Amino acid sequence: MASTITSPAAADDRVSARSVGVRLLSRPEIGSLVGAAVILVFFLIAAPPFRDVNNTGTILYQAALIGVMAVPVALLMIGGEFDLSAGVAVTTSGLTAGLFAYQLSLNVWVGILLALVVSLAVGAFNGWLLMRTGLPSFLVTLGTFFILQGLNIAVTRLASGAVASNSISDMDGFGSAQKLFASEFKLGGVTIKIIIVWWIVFVAIAAWVLLKTQIGNWIFAVGGDAAAARAVGVPVRKVKIGLFMTVGFFAWFAGMQLLFVQNGVVQSGEGVGKEFLYIIAAVVGGCLLTGGYGSVVGGAVGALIFGMVQLGVVYAGWNPDWFKAFLGAMLLLATIVNLIVKNRAEAR
Amino acid sequence: MASTITSPAAADDRVSARSVGVRLLSRPEIGSLVGAAVILVFFLIAAPPFRDVNNTGTILYQAALIGVMAVPVALLMIGGEFDLSAGVAVTTSGLTAGLFAYQLSLNVWVGILLALVVSLAVGAFNGWLLMRTGLPSFLVTLGTFFILQGLNIAVTRLASGAVASNSISDMDGFGSAQKLFASEFKLGGVTIKIIIVWWIVFVAIAAWVLLKTQIGNWIFAVGGDAAAARAVGVPVRKVKIGLFMTVGFFAWFAGMQLLFVQNGVVQSGEGVGKEFLYIIAAVVGGCLLTGGYGSVVGGAVGALIFGMVQLGVVYAGWNPDWFKAFLGAMLLLATIVNLIVKNRAEAR
Amino acid sequence: MTTTESFASEATNSPTTPIVLLEDVGKSYGNIHALRGVSLSVRQGEITCVLGDNGAGKSTLIKIIAGLHDYTSGTMSVNGEERHFSSPRESLDSGIATVYQDLALAPLMSVWRNFFLGNELTRGPFRQLDERAMKRIAGEELTKMGISIPDLEQPVGKLSGGQRQCVAIARAIHFGAKVLILDEPTAALGVNQSGVVLKYVVKARDAGIGVIFITHNPHHAYLVGNHFVVLKLGRVALDTHRADITLEQLTTEMAGGSELEALSHELRDLAPDAVAEIEDETNTGEKEQ
Amino acid sequence: MTTTESFASEATNSPTTPIVLLEDVGKSYGNIHALRGVSLSVRQGEITCVLGDNGAGKSTLIKIIAGLHDYTSGTMSVNGEERHFSSPRESLDSGIATVYQDLALAPLMSVWRNFFLGNELTRGPFRQLDERAMKRIAGEELTKMGISIPDLEQPVGKLSGGQRQCVAIARAIHFGAKVLILDEPTAALGVNQSGVVLKYVVKARDAGIGVIFITHNPHHAYLVGNHFVVLKLGRVALDTHRADITLEQLTTEMAGGSELEALSHELRDLAPDAVAEIEDETNTGEKEQ
Amino acid sequence: ACSSSGGKQEEQGSSGSGSGVADTPRMKVALITHSGPGDTFWDIVRRGAEAAAKKDNIELQYSSDPDGAAQANLVQTAIDAKVDGIALTLNKPDAVIPNLKKAVAAGIPVTVLNGGLDSWKGTGAIGYFGQDERIAGQATGEKLKELGAKKVICVIHEQGNVSLEARCQGIKDKFGAVENVNVTGSDQPGTEATLTAKLQQDKTADYVVALNAGVALTAVKAAKTAGSAAKVGSFDMSKEMAKAVQDGTVQFAVDQQPYLQGYLAVDAIWLNKTNGDTIGGGEATLTGPAFIDKTNIEAVAKYAAAGTR
Ligand SMILES: Nc1ncnc2c1ncn2[C@@H]1O[C@H](COP(=O)(O)OP(=O)(O)OP(=O)(O)O)[C@@H](O)[C@H]1O
Ligand SMILES: Nc1ncnc2c1ncn2[C@@H]1O[C@H](COP(=O)(O)OP(=O)(O)OP(=O)(O)O)[C@@H](O)[C@H]1O
Ligand SMILES: [Mg+2]
Ligand SMILES: [Mg+2]
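Chains as they are written, first to last, in this note's numbering: chain Z, 18 to 365; chain S, 18 to 365; chain G, 234 to 522; chain D, 234 to 522; chain F, 67 to 375.
Keep in mind that the hints are not guaranteed to be accurate.
Rough simulated footprint, nothing fancy, chain Z against chain D, three-plus residues with beta-carbon under 8 angstroms [claimed, not checked]:
hint, segment
1, 308-322
2, 338-344
3, 353-365
Rather than coming from a laboratory, the hints here were simulated on the basis of the structure. Note that the structure is predicted; figures quoted are calculated from it, not measured. Even glycine gets a Cβ: it sits at the ideal position worked out from N, Cα and C.
With the hints as constraints, model all of the structure from the sequences given.
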C-alpha cells in the first residue's frame, strides 16, 4: 500500500518524442541563424562581390565591431538589464588610455591598465547605483551615458586642448599593444583582423559560462524573475553588478581596439548611438528585452546579420539613398524568419 | 447562522489612515514634479536669465518640442510597448504633406490630410505587425525606424531632387495652416508659441482618457499583464494597435508643426534620435519601461525637466563641453529625487 | 430543502440541451498532447465537477471553453452552435465567465479597477468611468465573500494570495451570465471563504447557471456537484452523475485509483495515531535522503 | 507507530531551545500593519502549524523568517542569536528552506535548472555544471512526489499549477537543513500529491528538522501538527499544543470563531441532502446577486 | 613606466596668436552652430572665434545642436540672455531664420558663418563668412579631372546633410563619374569597413573624396585593406591631415579655413558694434575653397599642428 503512493507516477504517454533536430530548433539562437543564412543567400545572389571569399574578412570585421560588445550586452539583457552607456564607455576607455599615457608620458601599457580600472569602475558604478536606488537600468545608464559623453569631450579638451586625444603611436609599448588589439594577418588570401579572433574567443567563453556554469544559471534567473532568484538565495546584487562590470571589461577591450586601430588617436565624440547597435544585435539574435531568455551565440549572429546587411547593400552597389530602408527591411526579414523557425519548432 | 457567514468581514484595524497628502504623493507623476521643482530652483539660482519671466516662453517651447510626442509615447509605454520610429515618423509626416502639396500643386490642406492618413497608416502598420508576429515592439519599430529613415531621404530626393522638401510657403492654405500649427502670440510680455497651448490641451485630454475612461483602464491592463487583460475580455489587439495609431496621430501633428515652423520646408534627415528623447521624458516622468504604470502628466513633467536642463545650462553660460555631463547629472538628480519622494510616500 | 433535492435530480435526469458541449476534443501544445478525446457537457442549473491529478489537463480543458486556447481536434458547441473561440471576449460574450487558476489580474492595477476590468461602468455623455459606483460595488462584493481588503486603491499585486483569489472569484460571480467556470477557486482560501464560495456556486446553479467546478478537494466536489468528470493523463477516466457514486469512490478515482488507505486518513476526523500510520508507510518507502 | 507517538509528545513537552524564536515581532508595509506583536517558536523535530484567515499575515510572518522582508519591531533569534536577515541567502545559510506561496520559480528556466537554482552541482576543475547529475536527481525527486513531468527541459512556466508547486516543494525538501517552511504547499495539489507532501513533512520532522506548515485545511494541519498558531488580523489569536485542542476546536478557531454549522458540512462525509442544507442557508441569506 | 618617446614631454610650445586686448567695453557674443559634440572641424571654428573674442574683450558663449528647431531655440535663448551679438550657422535656414530675424529686430547684430550662403541675404544679418559648398565641390571636380581621375567615390558621413550633399553634387557637376556612399561619421572603424566594402565592390574607383579629415584618413586605411589603388582627396584640414598630405597618403585637401570663419564672424560683430563696420559690403565673404597639396602644405602644416588650420 505504501509502495503504491511512493511509486513513480504512472508513465505519461502524452508526450511524443522530439527529434534531435526539433530540439536543436528550439534553441534561442537557431532562428537568428536561419535568418542569417537567408540574408547570406540573398546577398550571394544579389551582390557579386559577396561571393568573393577574400571579402569575408571585411564582413566579419564589420560584424566583430558590433559583435564584441554584443557579447556582454546580450549577457546583461538576459540578466534583465540595459546599458545605454556601453557605446560611449568604449570611447571613454580609449581616451583614458591615450590621454593618460600621453599626458604623463608613460609606457602605453600603463595607460591600458588604467583604462581597464576606469572601465570596470564605470560598470561597477552603474550596477551599484542600479541596485542602490532600484531605478530602472534605462534611467541609471542614461545618466551615465550623458555624463560619460560630456566627460569624454570636456576632459579631452582640458587635457589635449582639442577634441581628440593626442597620438600615442610613437610611444613605448605601442607596437606590442597594437599587435594584441589591432593587428591583422593573412589566412589563405583573406585578411583577418585580430579582433575577429578575439570576438570568436569571447563568444565561446561567454556561451560556455552562460550555459554550463553556476553564474550562467544565475544570470538567467535574475533576468527571468529577480524576486524568485533572490528568494532561493541567488546573490542578485552581485550578479547584476558583475554583469555591468563585464560590460565594463568589454568596453575596455573595444576601447583599446579603437585606440590602436586608429594609430593611437581617439575622437572624443565617438561611440554615441553604438549602444543601440549592440542592443539590436542582441535582440535580433533572440534575446528577450525583458530578460531571462536569450543566448550569446544569438547575439553574435545578430551582429553578423547586421554586418552582412550593412555591407551587403554596399557590395550590391544599390543606391545609397535607400540604404536605411533596405537595412530596415532586411532586419524585419531576418527576425520574421527567426520567428517562423521558432514557431515551427514549437509546433512539433 | 447563515447570516454569520455572509456577514461582512470583521473590521480591519490594521490600516492607519493615509492623509490626502500622502495619497497624492503616491501618484506616479509626483516624484517627477518634485524633481522638476528642484531643477527649477537650482537654475533660478544658477542662471540669472532663468529668473526673467519673459523667457518662460522659450523654456516651455523647448519642453513642448519633446512634450507633444511624449504624450502618446507615455501612453504607449504604459500600454507595454515602445515605438522607435516615433522620431522619424514626425519627419515623414512633414515631408509627406510638403512634397505632396508641392508636387501636385494642391492646396496645402490636402497635403496635411494626406500626411494624417500616412501617419495613421504607419502607426497601424506598426501595431498590426506587432500583433501579427508577436515580435517585441523594439524590433518591429526598429525595422520601421530604418525603413522610414531611408524612405524619407530616398523619396525626397526622387521627388524634389534635393535632401529637403520644396518650400510650400507661397501656396494656398499655408497661412491658415501655419496659424493653426505654428503661430505665436503675446501673453503679458511672454511670447507663447501655439504648440505650447496644444501641448497642454493634449496632456489634459490624454490624462483624462487614461485615468477616467474605459480605454484608459484597458491601457493600464494591457501594459500590466496582457495575458490577464485578454483573459477578462479586454481587446488587447485593438488597444495596442490603437496606441500605435495614437502615436501616428501625434507624429502627424508634430510633423505639421515642424513643417510650418520652418516655413514649409522639412529636411529629410531630421528626427533621428528624437524617439529616445520622448522615451526619456516618459521614463523620467515615472512611466515604467515594462508597462502597466505611469502617467501622462508625468511624461509632460519629464519633458519639462529635460527642456529646463537643456536651456538652463545654456542660460547659465556654462562651458558647453560639459553640457552633456550636466544633463546626465541633472537627470540622475531628478530621478533620484523622484525615487526618494516615492519611497517616502510608501513608507507612510 | 426539498426544492433543491428535486432540482438536483431533475438536472441529473433532464434532457435539456447542454449550453456547452464538447465532443471528442483534443489539444496539443507542440509535442505534448494535453487532452485527447474529451467529451463533456454543461447544462443549465447543473454543477459539473472536473477532477483529476496534477497535470491531468483540467485547466487546459477550461481554457478551451474560456476561449483562451483553441482546441486542435473534435468539436465544441455553445448554445447548440459549433464554435472556435478566437479570444476570451467571444467566450464572455456567449455568457461564459471564468476564474483562472493563475488568476488573470493585472498586478499593478488597483483592486476596483481589476474587478471591473473589461466591464467598466461609465456615466455621462463622455462615458467617463463611474469610479464611485465601481468602488462601492467592488467593496460590497468582496465584503460579502467575507474578506476585508483594507484599501480598494491598493494594487492587486500587494494583496495576499487568498485576497487575490477572492477578487477574481467575486468578479466572475458578479459578471457570470450563463456559464461559470471556476478553476480551483478555493485553493488559497481560508475555511470561511471556501464556505462562502461553495455557497455562491450553489446559488449560481439555482439561478439556472451552468457551473464547471475544478477542485482537488473531493469533499467540496461531492458537496455541490451534480455531475463528475475525472480526467487522467488528458483522457476522461470517469464520467458519472452524483447518484451513481459515493464520496469514497470519488476520492479513490481522484487519487488515480490507487489504494487509498493512507490518504483517506486525512479525509476523516483522525485521532493522533493516524500520524503514526503515515509514519509506517514512510519507513517502508525506499527513499534515502 | 509507537516511535512517532512518543516523538510527537516528546516534542510537545521537550524543553529544547527553539531554532527560530520570534518575540513580539511586528511588520508594517507603509500604512498597513500586517503583523503586530507576534511570538512564535520553532523547535527541532516539531511541526508548527500557522493557521488563519486570508490576509491574516501568515505569509508575511514566514517571509520574515525566510529573510525576504525585515521585521519592523520585536526580535527574531535563530539558533539563539538575534538576527536581521538582509537577504534570503542568509536565511538559507542558517539552514532554513522555504516554499513560498507564490512559488519563487523563474518561469522561462527549465525544470531542472529551477530545481537546483542557487544550489547548482558542479564538477571538474572549471566548476562546470553537472547537468547529468542534476537532471537525474530532479527527475527522481519529482517522481517520488508522484507527479510526472514529461520533459525536464520544459520551462517551468509551461507546467500546470500543481506541477509547479511540486517542483518548489521537492526543491525545498531536498535542500532543507534545519528548518523547513511550507506556505500552503498543498493548495494546488491533487489528493495523491497532498498525501505525499504530508508524508514528507512528517519525515522531515522525524529527521529532526523544525517545520513551519501553513495551510487552510484543518485536517492537514491536525494530521501532522504538534503545535498550532492561529493568526487573526496580524495578531496571534491562539497558540496551543496538539494535546490541548481537538480538530473541531481548531476548525472553529480557523474560521475566525464564527458559528460553523454550515461550514462543518463540507468537512464531513455528507449525504446528498447536505446540498439542501446549504441551500437553506442561501435562502435565509439576504444577498440579492 | 615612462615612455622614452612621444607624449607630452615632446610637445612643442604652442604658437599663440596672442596680441593685445581691445579696451572696448566687455561684450557678450553667442556662437551657435549646428555641430554635434566632439567634432574636430567645429573645434577649429570655435578656436578662431575664441581668438577673436579674446582680442576684442568679448565673452564668447558657444552652444550647438544638430537639430534645426533646437538650434533655433538656442538663438532664442541668446536673445533672452540679451547678448550683444550672435554668430550662427544657417545650415537649416528655414528653421533658424525666423529667430535670426527676431534677433535682428531686437537690435542684436548677427553674422552668419559656414552654411547658409543662399539664404542669409535679406535676413538682416550683417555678413556671411564661409564657402559656397557647391562651388567648392565643383572646384574639386575640376581638380580631379586635372589629376586624371576616372571614377570617384564621394563619402557622405551624415546622410541628409545639405552641405555635404552639395559638395558631392558639385563634384558631379564637373566630373560626372561620381558615386556616393553613406557612412556614419562618428564611427571610424565602421566607416573603414564600409569603405573597404565599397572599394572591393567597385574596382574601377580610383579616387575617394572624403568630406572631412577624419573620414579621409580612414579612407586611406580602407583602400589599403581592400587592396585598391584608389587615391584619397579630402575636404577640411586637421593636424593629422597635414601630416597625411605631407606623406602623400592624401593627395589634396580642400580647405575652407574654419578658423577664419569663426574669427571673422565674431570680429565682424565687434567691428560693427564698435565702429559700425560691415565686412563684405553686403556680399558673402568666401573663406574657401583653397587647395592644399604637397606643393603648399609646408606653409600650412605648422598651423594645422597648432589646431588653427
Ligand atoms: N502552454 C503550455 N505549453 C506546453 N505544455 C503545457 C502548457 N500548458 C500546460 N501544459 C502541459 O499540459 C498538461 C496539462 O496541464 P493543465 O494545466 O491542464 O493541468 P491541470 O489538470 O490543470 O493540473 P493542476 O491540477 O496541477 O492545475 C501538463 O503536463 C502541462 O505541463
Ligand atoms: N508588499 C505588501 N505591501 C503592502 N501590503 C501587503 C504586502 N504584502 C502583504 N500585504 C498586506 O498584508 C496583509 C497580510 O498579508 P499576507 O500575505 O501575510 O496574508 P496571508 O495570511 O498569507 O493570507 P493568505 O492566506 O491569503 O495567503 C494583507 O492585508 C495584505 O494586503
Ligand atoms: Mg490547473
Ligand atoms: Mg499567504
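For this structure, which hints from the list above don't hold up? Hint check: nothing fails, all pass.
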